[in-house]
Amino acid sequence: DTAVSQTPKYLVTQMGNDKSIKCEQNLGHDTMYWYKQDSKKFLKIMFSYNNKELIINETVPNRFSPKSPDKAHLNLHINSLELGDSAVYFCASSPGGAGTYEQYFGPGTRLTVT
Amino acid sequence: AQSVSQHNHHVILSEAASLELGCNYSYGGTVNLFWYVQYPGQHLQLLLKYFSGDPLVKGIKGFEAEFIKSKFSFNLRKPSVQWSDTAEYFCAVKIYNQGGKLIFGQGTELSVKP
Chain A
31 DTAVSQTPKY LVTQMGNDKS IKCEQNLGHD TMYWYKQDSK KFLKIMFSYN
81 NKELIINETV PNRFSPKSPD KAHLNLHINS LELGDSAVYF CASSPGGAGT
131 YEQYFGPGTR LTVT
Chain B
116 AQSVSQHNHH VILSEAASLE LGCNYSYGGT VNLFWYVQYP GQHLQLLLKY
166 FSGDPLVKGI KGFEAEFIKS KFSFNLRKPS VQWSDTAEYF CAVKIYNQGG
216 KLIFGQGTEL SVKP
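These protein sequence lines map, in sequence, to chains A and B.
Sequential numbering from 31 applies to the first sequence in this note's numbering.
Sequential numbering from 116 applies to the second sequence in this note's numbering.
Since no wrong hints were added, every one of them can be taken at face value.
Quick list of in silico lysine to aspartate or glutamate cross-link-like pairs, EDC-like style, CA-CA up to 16 Å: (1) A/K71 / B/E224; (2) B/K164 / B/E181; (3) B/K164 / A/E132; (4) A/K49 / A/E112; (5) A/K71 / B/E203; (6) B/K176 / B/E135; (7) A/K101 / A/D60; (8) A/K66 / A/D115; (9) A/K70 / B/E203; (10) A/K39 / A/E54; (11) A/K49 / A/D115; (12) A/K70 / B/E224; (13) B/K176 / B/E203; (14) A/K97 / A/E54; (15) B/K164 / B/E179.
In silico negatives: residues of chain A with every beta carbon more than 10 Å from chain B: (16) V42; (17) N47; (18) K52; (19) N81; (20) V90; (21) K101; (22) H107; (23) N109; (24) T142.
Since the hints were derived computationally from the structure, they do not count as laboratory data.
The model shown is predicted, which means the values in this text are computed figures rather than measured ones.
Glycine included, each C-beta is placed from N, C-alpha and C at the ideal position.
Turn these sequences into a full structure, and let the hints guide you.
Dropping the structure here:
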């Protein structure tokens, strides 16, 4: 019954590798987001998709490429991983973007780059 | 640039003490306001939200917050904390017509001593 799910929960990899994180929501929401939480627990928006269309791209390096195959899924692919990419990545969803909606967060994916 | 500031980085209280966590934002237009809680090792959960109407909003687990527009503030309160309230608390702002992204404060770690 998980509303927003992410896989994997933990990801340990070496610098230079390419990895993907997957997110799925079963809430029927139209909008999905990726946030990055750094080591100081600061959360920052990375991307947002509304109905498979990219609507927010917040000055994220182009090594990060989101993909939304349908409105229930938003995946994050990261090329050439760097040490600074180590963080917890949270997926979220909401019924819409700009309206009075709250966002529902997934459990997070802890990425460690060595 | 819009920003959210949480006044306290780490708050330590004894059980039954009263709690107030400060949150200020810098934006003069229409906003939606949120408080999220992150228990150790878990995802973010919504405590309460303000969209419009009564500026005093009540959330889950006995939390409430007051929106004071003139002070650009949305402080979180609880009259009597419990050990189980130990967590990280995040204030967040959604600015109207910016695609629905949440701008988070830096978080306040609350430790409640039994």
